[in-house]
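Novice: Top to bottom, those sequences are chains U and X.
Position one of the first sequence corresponds to residue 1211 (the numbering used here), numbered consecutively onward.
Position one of the second sequence corresponds to residue 1211 (the numbering used here), numbered consecutively onward.
Everything labelled a hint here was simulated from the structure, so no lab data went into it.
What you are looking at is a predicted structure, and each value in this text was computed from that prediction instead of being measured.
Some hints could be false.
One copy or any two copies: either way a pair holds, since identical chains are not told apart in the list.
[Unchecked claim] Keeping only pairs whose Cα atoms sit at most 30 angstroms apart, straight-line, the calculated DSS-like set for lysine-lysine is:
1) K1422 x K1450
2) K1275 x K1620
3) K1450 x K1267
4) K1620 x K1422
5) K1450 x K1275
6) K1620 x K1450
7) K1267 x K1229
8) K1267 x K1297
9) K1297 x K1450
10) K1422 x K1275
11) K1297 x K1229
12) K1267 x K1620
13) K1422 x K1267
14) K1275 x K1229
Protein chains: 2
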Amino acid sequence: MKDHDTIAALMEDIGARAKRAAGALAFAPPEAKANALEAAADALGQRLPEILSSNAKDLEYGRDKGLSDAMMDRLTLDAARVAAMAKALRDIAALPDPVGAVMAEWDRPSGLHIQRVRTPLGVVGVIYESRPNVTADAGALCLKAGNAVILRGGSESFHSSQAIHACLVDGLRAAGLPEDAIQLVPTRDRVAVSHLLGMTEYVDVIVPRGGKGLVGLVQREARVPVFAHLEGIVHIYVDKAADPQKVLDVVMNAKTRRTGICGAAECLLIHEDVVETIGQGVIRALIDAGVEVRGDARLAEIPGVVAAGEEDWGREYLDMIMAAKVVPDVDGAIEHIRRHSSSHTECILTEDADTAARFFARVDSAILMHNASTQFADGAEFGMGAEIGIATGKMHARGPVGVEQLTSFKYLVTGDGTTRA
Amino acid sequence: MKDHDTIAALMEDIGARAKRAAGALAFAPPEAKANALEAAADALGQRLPEILSSNAKDLEYGRDKGLSDAMMDRLTLDAARVAAMAKALRDIAALPDPVGAVMAEWDRPSGLHIQRVRTPLGVVGVIYESRPNVTADAGALCLKAGNAVILRGGSESFHSSQAIHACLVDGLRAAGLPEDAIQLVPTRDRVAVSHLLGMTEYVDVIVPRGGKGLVGLVQREARVPVFAHLEGIVHIYVDKAADPQKVLDVVMNAKTRRTGICGAAECLLIHEDVVETIGQGVIRALIDAGVEVRGDARLAEIPGVVAAGEEDWGREYLDMIMAAKVVPDVDGAIEHIRRHSSSHTECILTEDADTAARFFARVDSAILMHNASTQFADGAEFGMGAEIGIATGKMHARGPVGVEQLTSFKYLVTGDGTTRA
């Protein structure tokens, strides 16, 4: 399928189907949605051989393409990974149904009773890379929130995603829901992505899941709203009133637990009064753990610290590397963060409640941590159930994007023949 | 000022100043914002002669331009209207400060305490037409929510808006807040609007206030999010189980109280079982009140009813005209609304709770009314204090846009050296 007109027609058809399905899904009974997800989980078990043989095709394609070991690992499915996917579907099925939930209600002197209730957003487009499990997770989260979804997986996981998608459709069918509620774009052609990003008449929001290249492309080209974060340039500020043990625990966890996730810390800001004490200690521990510490002029005097260049401020390493800098006080830290952060997650380590409150009030990132590891920046850790991603924009969804963030709302107003004076 | 480069530089400067001011406003004390609005209200009184002489210049310009009587009336200021503007500022000053308000909080098994708190959106651009009072209202609402605002008034109210803006700046100065928190674009050149709509690096959201021409232009051209409604194509469905007196009261109020507002009803849908009874009665009353009723084939048989054309469905008259149509049942009404409404406000008149619930669940407009006049579609009537407009999009703000809708949020997470396993 290389013909642009053919793909335009294909995407137009997918969009129109999704919009129709969304109309019906918006008032589907909660049980039907939960049943569909349970049935899809069952289907993942029943169709395991088919899923694994589809995955084998993708692995062969990946090897021919010379994918890195990390990429090949992400792409690989086995019985345990498929079982984990099924469990995720059942977990999402068990979440409270958000549609129709009353967010607020009040009475007015006019006699009106007003309710604000959750409604689905409509049609969600999800564009992702090689992880085949995103097909199941994203499809399930969107369905739970009453949205139709158009999934566009990575070309590497093309066959695996199709096999998983077939299980989701089994689930929809079993529950009597429209099969078009969860559609997978059936072509690897990149032109399909451009169409998806521009279908303002059908698509309400796009969620890109993947690296900076993909997210940047989507943010630049989308003509519909986007829930995304481009980078997680996460800062930790060690205040003069920090507890040394908490600094060690939190910084080591935030940097080294997993370096490749968006909540991993990338830059350490240290109050100048504690450089020789807490600062030395934590930098030593980082270096001993195998982290390359890139310090400013003052910190570069510490043995083992590499001199940072200007390009190290505001940089996402996603690796065993951490920038480090001395700041005069909390305001210096806030100033550095304002210039260099990606508004994802920042942390303050201090025992001084006033300083923590100042940091909380003045830093405007989606998530602010006090004496806690930045690796908690995750919807499941927040208690939201699964997440489809983390957003750093200020509109609608911010921070972890779970089922509730995939909804809108409307006002229901009840009177008794009530007229306005 | 006709030179495009000059205006580009001017708008760039305004944008950068607004963004700097927003950084400081985000943590301004609630008292400072309230004091600024009180002082601005005082200044409106003190500067009354100056405001009226500025307004006289605009009225002269309007007469030369041949503005309609309605437009001239909207443009005209007198002592009472300026006093009303001052009162609106004091009312907004007295609203609860939204910034920092805790929207939700909970504890996690990990030991984390999580709060979701309101934050300002950042920089709001407001583009409006001839009403000079929007300068005061919009400036005050944005300030209350901790946002910097860039106001772009209509060319007809150019001098009046400048005089009112000077009072707002007096207030900011008196309260020690940055004067750039409320800026007014100091040129009538339309090129300034194009720049404002494209300043993605400075402007977080645009709110257009005005007719369909202005709102359509902004929705088409803006490269930043927009809170707006293009039209209010408001439907009222009279169910077979409707109460005849409530139908009369609500329909007459919804159509005739004020015809020019977005919550005014435009189309009446009548259940076929009650056409000869309730339907005849309400259509008679509308015609007697001077409303032109444009009916479908069946209703056109009623004396005095004009035959509707295809173009009458989904039409916003903003006048003493109403479309009317017979539908087989509530689902027929829902189907008509789905095809023709602008997702602003719709109403059902029925004494049957199940039918009302079906309408509430299946119609996806920002505001749904049951046995109440659609003219209640207004932020003040909802108890939100003032509103900057009504939004029909599904993202972020929907329905009346008041102070709270002009905010975003962030997560504040507190631990005690807490690390992720």
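Novice: Compare the structure with each hint and give your call.
Specialist: We went through each hint and held it up to the structure:
1. Taking CA atoms no more than 30 angstroms apart as the test, K1422 paired with K1450 passes in neither setting, with 35 angstroms inside one copy and 57 angstroms between copies.
2. Taking the shortest Cα distances, K1275 and K1620 never come within 30 angstroms of each other, neither inside one copy (48 angstroms) nor across copies (42 angstroms).
3. For the homomeric pair K1450 and K1267, neither the shortest alpha-carbon distance inside one copy (56 angstroms) nor that between copies (60 angstroms) is at most 30 angstroms.
4. Proximity of K1620 to K1422 under the C-alpha cut-off of 30 angstroms is restricted to the inter-copy arrangement: shortest distance 23 angstroms between copies versus 34 angstroms within a copy.
5. Within a single copy, K1450 and K1275 get their C-alpha atoms no closer than 51 angstroms, and across copies no closer than 66 angstroms, so neither meets the 30 angstroms cut-off.
6. In this assembly of identical chains, K1620 and K1450 lie within 30 angstroms of each other by CA distance solely across copies; the values are 25 angstroms between and 48 angstroms within a copy.
7. In this assembly of identical chains, K1267 and K1229 lie within 30 angstroms of each other by CA distance neither inside one copy nor across copies; the values are 32 angstroms within and 52 angstroms between.
8. Taking the closest pair of Cα atoms, K1267 and K1297 come within 30 angstroms of each other only inside a single copy of the chain (25 angstroms); across copies the shortest separation is 71 angstroms, beyond that limit.
9. Proximity of K1297 to K1450 under the C-alpha cut-off of 30 angstroms is found in neither arrangement, the shortest distances being 45 angstroms within a copy and 48 angstroms between copies.
10. Only within a single protomer do K1422 and K1275 lie at most 30 angstroms apart by alpha-carbon distance; the minimum there is 21 angstroms, versus 53 angstroms between protomers.
11. Taking the closest pair of Cα atoms, K1297 and K1229 come within 30 angstroms of each other only inside a single copy of the chain (29 angstroms); across copies the shortest separation is 46 angstroms, beyond that limit.
12. In this assembly of identical chains, the alpha carbons of K1267 and K1620 never lie at most 30 angstroms apart, being 46 angstroms within a copy and 43 angstroms across copies at closest.
13. Proximity of K1422 to K1267 under the C-alpha cut-off of 30 angstroms is restricted to the intra-copy arrangement: shortest distance 27 angstroms within a copy versus 54 angstroms between copies.
14. Proximity of K1275 to K1229 under the C-alpha cut-off of 30 angstroms is found in neither arrangement, the shortest distances being 36 angstroms within a copy and 46 angstroms between copies.
Consistency note: the structure conflicts with the earlier hints numbered 1, 2, 3, 5, 7, 9, 12, 14.
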